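**Student:** Read off the chains here:
2 protein chains.
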Amino acid sequence: MLRLKFEEVQNTLEKVLYTRNCPPEHARKVSYEMARNSLEGTYTHGVNRFPRLIWNIDEGIVNVEAKPVLVNRFGALANYDGKLGLGITNAWFCMEQAIAQAKEYGIGLVALRNTNHWMRAATYGYQACAQGMAAICFTNTIPNMPTWGAIDSRIGNNPLVMAFPREKGDVVVDMSMSQFSYGALELAQLEGRRMSIDAGYDEAGELTRDPSQVLKTRRILPTGYWKGAALSVVMDLLAGGLALGNTTAALGRLGGDEHGVSQVFIAINIHKIAPPEEVERIADEAVRDLLSSRPIRENGRIVYPGERSKEIRAENLKAGIPIDERIWATITSYL
Amino acid sequence: MLRLKFEEVQNTLEKVLYTRNCPPEHARKVSYEMARNSLEGTYTHGVNRFPRLIWNIDEGIVNVEAKPVLVNRFGALANYDGKLGLGITNAWFCMEQAIAQAKEYGIGLVALRNTNHWMRAATYGYQACAQGMAAICFTNTIPNMPTWGAIDSRIGNNPLVMAFPREKGDVVVDMSMSQFSYGALELAQLEGRRMSIDAGYDEAGELTRDPSQVLKTRRILPTGYWKGAALSVVMDLLAGGLALGNTTAALGRLGGDEHGVSQVFIAINIHKIAPPEEVERIADEAVRDLLSSRPIRENGRIVYPGERSKEIRAENLKAGIPIDERIWATITSYL
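Protein sequences appear in the order of chains F and D. So the first sequence is residues 1 to 335, counted in the numbering used here. So the second sequence is residues 1 to 335, counted in the numbering used here.
Calculated from the structure, these hints are not laboratory results. No incorrect hints appear here.
Copies of the same chain are indistinguishable here, so a pair counts whether it falls within one copy or spans any two.
Here are the simulated EDC-like pairs of lysine to aspartate or glutamate, each with C-alpha atoms no more than 20 Å apart in a straight line: (1) K272 x E104; (2) K272 x D81; (3) K67 x E258; (4) K5 x E311; (5) K83 x E25; (6) K29 x E14.
The model shown is predicted, which means the values in this text are computed figures rather than measured ones.
Chain F on its own, in the form it takes in the complex (with noise of 0.2 Å):
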């Protein structure tokens, strides 16, 4: 495992995008996003995902120079085609603009359509709370789960984000609607682990731990079972409507690696209706009950939804950020 500091893995993300004719403005942009997320613990969506990112630009599935253009806007709802751009510019440009409408009007939608995957969803949470703003956002995805009681995957694991701003921390929460990803019941098997809880179905059609049967069936697991599963299809819909994009069944049929999906972006002006010393003090008093939980284990320790990626970020800055030597050699060959 390298450990390389944060300017050095941003620079050389930002010289491969330069070798796909990425203009500076994205590629300066991008790079920094995919650093962070390693920096800040989300491997599986920072360098880890780089040439993934890398082989979608070479197929055409990313445009590296698009824009969201406007496709309607009432008030402070709006909706952006995203012209199949680069997810992570897309998905910031359209916050930015749910932030400068929630500064007019207190609160700001905006649905993107024909855009790409966003990486860390959790990054717009905070790019909100970084501006004083709670935010609510969420992405539909390729169909690649189950709902509840059926075996073929129609739905998608889209990601679900809640933001709250707090100067002593944001509470930042991003949850996928499986249990597992793929990616970790992957890495799970390889490591030869069990799941530390239910992953998904077995061939006989039980409930399992074992990663590498959940592999063979991809019947992996809603987020509380039938309620993850009804809550991706309402957020499918969502996006799919307020975005007239594409939703998951559509995305399916576009074949593929993932392209196009539908995504909205709330941000929420709180403190034009709650002055912000008094929202500090209601917001600190109960992440301090939280934290005062009894732990299950004699030196288990409580966090609050953020805390974590918070202190991976400072041991990252210090120690350098893990990476695994074949995923850099690959990345440094496109050089």
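Dock chain D against chain F, hints included.
**Tutor:** Leaving out everything else, chain D in the frame of chain F:
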């Protein structure tokens, strides 16, 4: 089990509310919605819950006359003080305000503090759908669930609603952040059933499907394990912060039966940026694809979120609402 007509149920509940000096407008609305909850299959928050509402009125937790009072407003964002009024009329009022704001600005958010149990969360999703709008709502609750990795209950099983309007049937998700409610566990214990999946922890600290074990430890399972626990925390901060109201921690300190909760209502005027017929086509195609999933069991059936409730309504309209004799005797004894 009795089978009573909707009108008889509503009229009886309404008459009981008059014995508690409830203003006619409030008595009509609360009796209508609680009868409707049972009509549409949410028995736990319909007639079955009515005696507890009466106790809450009698002990002074619920003020039958109170109406929400505006605290702050900025554009499409507002917060209200519910003055410990009836949960249903308070919540309905605030969703109406959110809808009014969404008519003007495309989206509207209303936060509500010092309110009481809104009964069936889905009610306010359907309320928005009936006016062609999508909705997101959530409420906090008293501490009734341990956070992930903890033994003691310091978070709430805060329900979340997401609703999407559709001519062929609204798609509405109403999910609490515990996999099962205490009510569901108690019912299973009474009937000598085990839960279909893990419901919480036993005294040895292992996951169990045995409801009596979980009722003993009070360690119910968050929806999606760590995921629902995290979502519960951020929804609590959003509700408490936006409404300048009680968080779950503060509700725990109030003591007594649950009162003074905080809620958030978001209405999204989707058709202002997306033509209705286009939205309907996109959603219809997605729902049809979902329903074409292959069921696990030979005569299994795949439904969209909200479909069963529509069917139960039709069944109960025909056969009458099933009501436990003892509960009905309690209710009529108030007259």
